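Protein sequences, first through last, are from chains U, L and X. If you count the first sequence from 1, position 55 lands on 55 in this note's numbering, and the numbers rise without skipping. If you count the second sequence from 1, position 212 lands on 212 in this note's numbering, and the numbers rise without skipping. If you count the third sequence from 1, position 44 lands on 44 in this note's numbering, and the numbers rise without skipping.
No wet-lab data here; the hints were simulated from the structure. Given the structure is predicted, the values throughout are model-derived calculations rather than measurements. A virtual CB, placed ideally from N, CA and C, is assigned to each residue, including glycine. Check before you lean on any hint, since a few could be wrong.
[To be verified] Here are the simulated EDC-like cross-link-like pairs (lysine to aspartate or glutamate), alpha carbons at most 20 angstroms apart as the crow flies:
1) L:K39 with U:E113
2) L:K44 with U:E113
3) U:K641 with X:E101
4) L:K44 with U:E417
5) U:K379 with U:E417
6) U:K31 with X:E163
[Unchecked claim] From the derived model, a few chain X residues whose C-beta atoms are all more than 10 angstroms from chain U:
7) R21
8) K78
9) L86
These are the residues of each chain, in order.
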Amino acid sequence: MAGLKVVGRSLIRRGLEEKLTGEARYTADLKLPGMLHARVLPSPHPHADVVSIDASVAEAMPGVHAVFTPFDEEASGLFAGDMRVLDTRVRFVGDEVAAVAAETEEEAERAIESLRVEYRVLPFETDAERALRPEATAIHPGGNLWGGEPLLLKRGDVASGLREADIVVEGSYVVASHSAAPLEPRAAIAQWDDDQLTVWKTSRGVHTDRAHLSTALGMSEEKIRVLGPHFGAGYGAKDESRCAILAAILARKAGRPVRLEYSRYQEFVAGRVRHGAVIEMKVALKRSGEITAIENKTLMNTGAYLASGAGELRRAAQGGLYLYRCPNVRYEGRLAYTNTPVAGSYRGLGAPQGHFALEALIDQAAETIGIDPLEFRLKNHVGLEGQPGRRTSPIDQVVDTQPVEGGIPFSSNELRECIVRGAEAIRWGKPVEDAGEPHMKRGVGMATCIYRGGPGWESTARVILNRDGRVELHTGIVDVGQGAHTVLAQMASEAFGCGYEDMRVVSGDSDVAPHSPITAGSTATFSAGLAVKKASENLRDGLLELASTYLERPKEGLDVRGGFVVSNLEGKRLASVSEVAGGMPGAFIESEASVVPGSADYIVNSFAAHFAQVEVDTLTGSVSVVRYVAAHDSGRIINPKAAVNQVEGGVSQTLGLTLSEELVTDAASGVTLNGSFLEHKCPTIGQYPEIQTIFVETEDPIAPFGAKALGEPPSVPVAAAVINAVYDAVGVRFMEIPLTPDKVLEGLALALRQAQDER
Amino acid sequence: MNPFEFVGPESLKEAVSLLTEAPGTEVVAGGTDLLSELKDGLRKPRRLVSLAGIEELGGVRWGNEKVRLGASVTLASLVDDERLAGEFPILRQAARSIATPQIRSVATLGGNLCQRPRCWYYRHPAFPCYKKGGVHCYAVNGYNRNLAILGLGASVMVHPSDMAPALIAMDARLESFGPGGRRTMALDDFFAGPNEQQLQEHVLERGEIVTTVSLPKPLPDTSSVFLKAQDRTGEDFALASVAASVSVSEGLVTRANLILGGVAPTPYRAHEAEEYLVGRPIDDVQPSKVAELALCHARPLRHNGFKVILARNLVRHAVETILNQQS
Amino acid sequence: MSEATRIHVSQISLKVNGRVRKVDVAHHWTLLRALRDALDLTGAKVGCDRGECGACTVAVDGHPVYACQMLALQARDKEVVTVEGLADEDALHPVQQAFLEEDSGQCGYCTPGFVMSAYALLRQNPSPTEGEIRDALAGNLCRCNAYGRIIEGVKAAADAMREQAG
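Working from the sequences, and respecting the hints, build out all of it.
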């Protein structure tokens, strides 16, 4: 696609300037006249029935305008499946019991303290495996195994694959629960105007939030308007909470606007965490290096409620099912309820856990048969042609982005090139530079990944040309910080034919924006991009109609470029877009397009190969990543600088999962012990490694301008790349993450003892 | 946060009388630790007495024999003071390892010595633990990865101060002023374990204020080092730290201070290791022997066995570093 | 009202972004609350309210400080600079301009805090090494982990400021 003017350029990120000056307003920065402040009472018990609540003291307090308990009528509404607005059964410490609204924060706090709650305490479970014992207390009516049975996915016959093999390697891998911990805690402001509700909230999808509010409050969507101001990120973790619903109910009771903000501790506990997982993986292979079977048994802890657990359990499977060419694969996934904070979406949604186990075990498999891990991957990774086997789904049906069946090719697949170019950049196979001190050990490791390429839900975009020449892109897609508005504006400008600066993005208002799904699953660029591109092309067509009349020339010879109508033949500018627009009969022309993204012929997936060079301090057990190379196939890159930022950020963020972050629940009390930025150890700038990003650009034939998903893939291979590098450095295969200093020191000591015993 | 009254006296005398005149009165210097406790409702004072306006608590004063550090000196100025870092490099090493630039701008030396435990059970309002006046130490049988391996008592907390081991290693003395007037003591004697004190980690009486920490100028041929291990670089308390200071004369070790931080309810002096060192020819010192002796009393809990390995490694590395400096 | 819940209020004077402001503050208010609620300066964000994330960083007498972990009364008579005070009428501050060009932010919630830490660093040390930049920003978390771009932004700002200073 030669001659692109806007797409492919590192243009300045939309909204960044106002973020830099402090002008950008986030939900908690907004104040409404007469606004009250809300506070929530968290459950002190991990599992209990709320027998009664005496709110008489709170209700009598001056300044208190509303008290809301699970015994109110509005409390029983279900939203997000298994969660009520407020429930008389609480299922984890921090589960919300009641809420109040008062004139000041202090008065609201005092009112919460004054509530007298009688609980009937129930037995509780904090561990997923224990929660599945037959005698365990059921947390939900169907029992603690979600769905009542495991999720089974398979291709071919694993048993015969195991029989054919010369060698079977296996391992049991553990990933701890940890929090996405967006810097902005959840917040919502609700205001009623008669029976019309307006909500400002920390939102990654105003339409999805409107639907949740409608379900929970039992009112029609038309009466609800959701506004999403600037968004302090969520990485997937910021939906499905009660925050906005509670604000809305309190505001209705009080007859005044209400603001509810979560404290940092509440964000850690009542927000969403990444599913902890135990993964038992087997790889069967022939001495030649051919893989004959991959088996994966995964148990995930979804906490007290399901949230996005089903999707998480599914996505944890995909690496094992599809990253390596293999006729026989099987996945058995179990999702357990426990009385711990709710696990939900978080960047990569299960794939980081699944890939950690797979890619650590693949390294071991390669070593077992004496092949370099890089060679082994080059020999076995899935190619453009897809997996062996026959397609079983109807040939006119849109192909799942996470297929199990074989026989379907990818629309594009540059995984091999990612591996080759990444290896070159990290200088794979060359001696690693010495750390200079004998107790510092260095090593190099790699891992690869496969991930959904962006086809998601139906998406709609509207593009408007006003008579004064202004062009507006209306989208429901929220910029969650990744730069979606930047990328969509670039696509719209390119497709319409105006400058990037001339394309205004209007978003974040459910009344104005065309219906859009949440910004999730790395779908914004691909799925919303398709709609944006189509709407913009149609608008260009509309403009050309106008221009044809205005210029009295046939439409066929005209085009729009850089904000001008040009003649294709003479290649010269005939009139500016504003000039032509000025002559239009109405106030504006608009074009709206809806697209169901996907392909019936191809799997659209993104790929990456990551390489880490680590340094292990054998005195302190501390692991630091010194150098990192991330090579990605995400199709064409729309904005290289923003894309690099996205990759670097994804890698660095996932070093937390790999090396330091864990949300710890006290087994005796069910209390989350370390819900703070001090004790839940997110990476600081001190841990940031030197990261080199490589884009193996290819123009995907299905994707808008050839651009596939990029949001989540950077988080997927990180843990295995680092853990494999640690093995290279110290010769110990660690199977539990986060790999904190205690595990390193104990692992090294154990290895030393074993070596001494052998002697 | 519960409301309170904030008062800012200008003299020590005035501060002491404010602190003793009514119950529910507490002292605040930088406030970086106290404010978290107030916000979490761990303490609910009715009045805070600020020390910021008391001039004599500020400044670094040099004498012929020693230097006096005012209790209100910020950690940032301990990092930035070139003369201090020249004479006592270990102080800069310790100070710059603490918290973050924003905390160091405000947090004071006195506050660092008087800070409260960082144990997760202590910091969580849900647990009425021993150090908050309760009867149980929830950490003994709970999640105790970060806690004590030495000096276990009614609580298995560890003292969080990084300045304390470094200062004690340099033979610091502490001066205080209270209702009973002024007194001085070795900084080593300032700290009190859970069996001596329940609601504080030091020996100060009610209304008594830390005024100064003084350090004698180091002897010639003194080598000192501070090492700290933490979960992540930046914004972290010590999993374990060690401050070592050794003086040598005519080839013999004449003075040895070896203090461990983050492993016991008070800064922990490794007596056996010090005794091994003093009087020994420096060339005969075996770092691993010192490390073994330093941890000879260690009794790890369920989740913190690694801290014994860690502390031993740090001591060994500290002694090796000193031997290198001395050779 | 009982003694335990009585709210003590005092009027204090602060110099904020170059202007002397008289503000009525409750004694238990943090500087952050005074800035956000009394002065409507919402550039400094509430990320943790415990001095652990850096989103509220402001400069007090030139030093970087967590506005959430300092009482308003502790800032009495001091000079406070917030992110709103950096740009002048027609130009961004060099730190802001460099961050804009280097793409040194994503969701932006941590951004004002990083800008203020970088501002405080470059006042004290116009030519920081990368190690010094990392040390100076170690008290600010970016959960988007745009650290690589932020480091580049501070380097570019230092270059620009040195050039301006001639």
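We went through each hint and held it up to the structure:
no.	hint	in the structure
1	L:K39 with U:E113	holds (14 angstroms)
2	L:K44 with U:E113	holds (14 angstroms)
3	U:K641 with X:E101	holds (10 angstroms)
4	L:K44 with U:E417	violated (62 angstroms)
5	U:K379 with U:E417	holds (13 angstroms)
6	U:K31 with X:E163	violated (41 angstroms)
7	R21	holds (16 angstroms)
8	K78	holds (20 angstroms)
9	L86	violated (7 angstroms)
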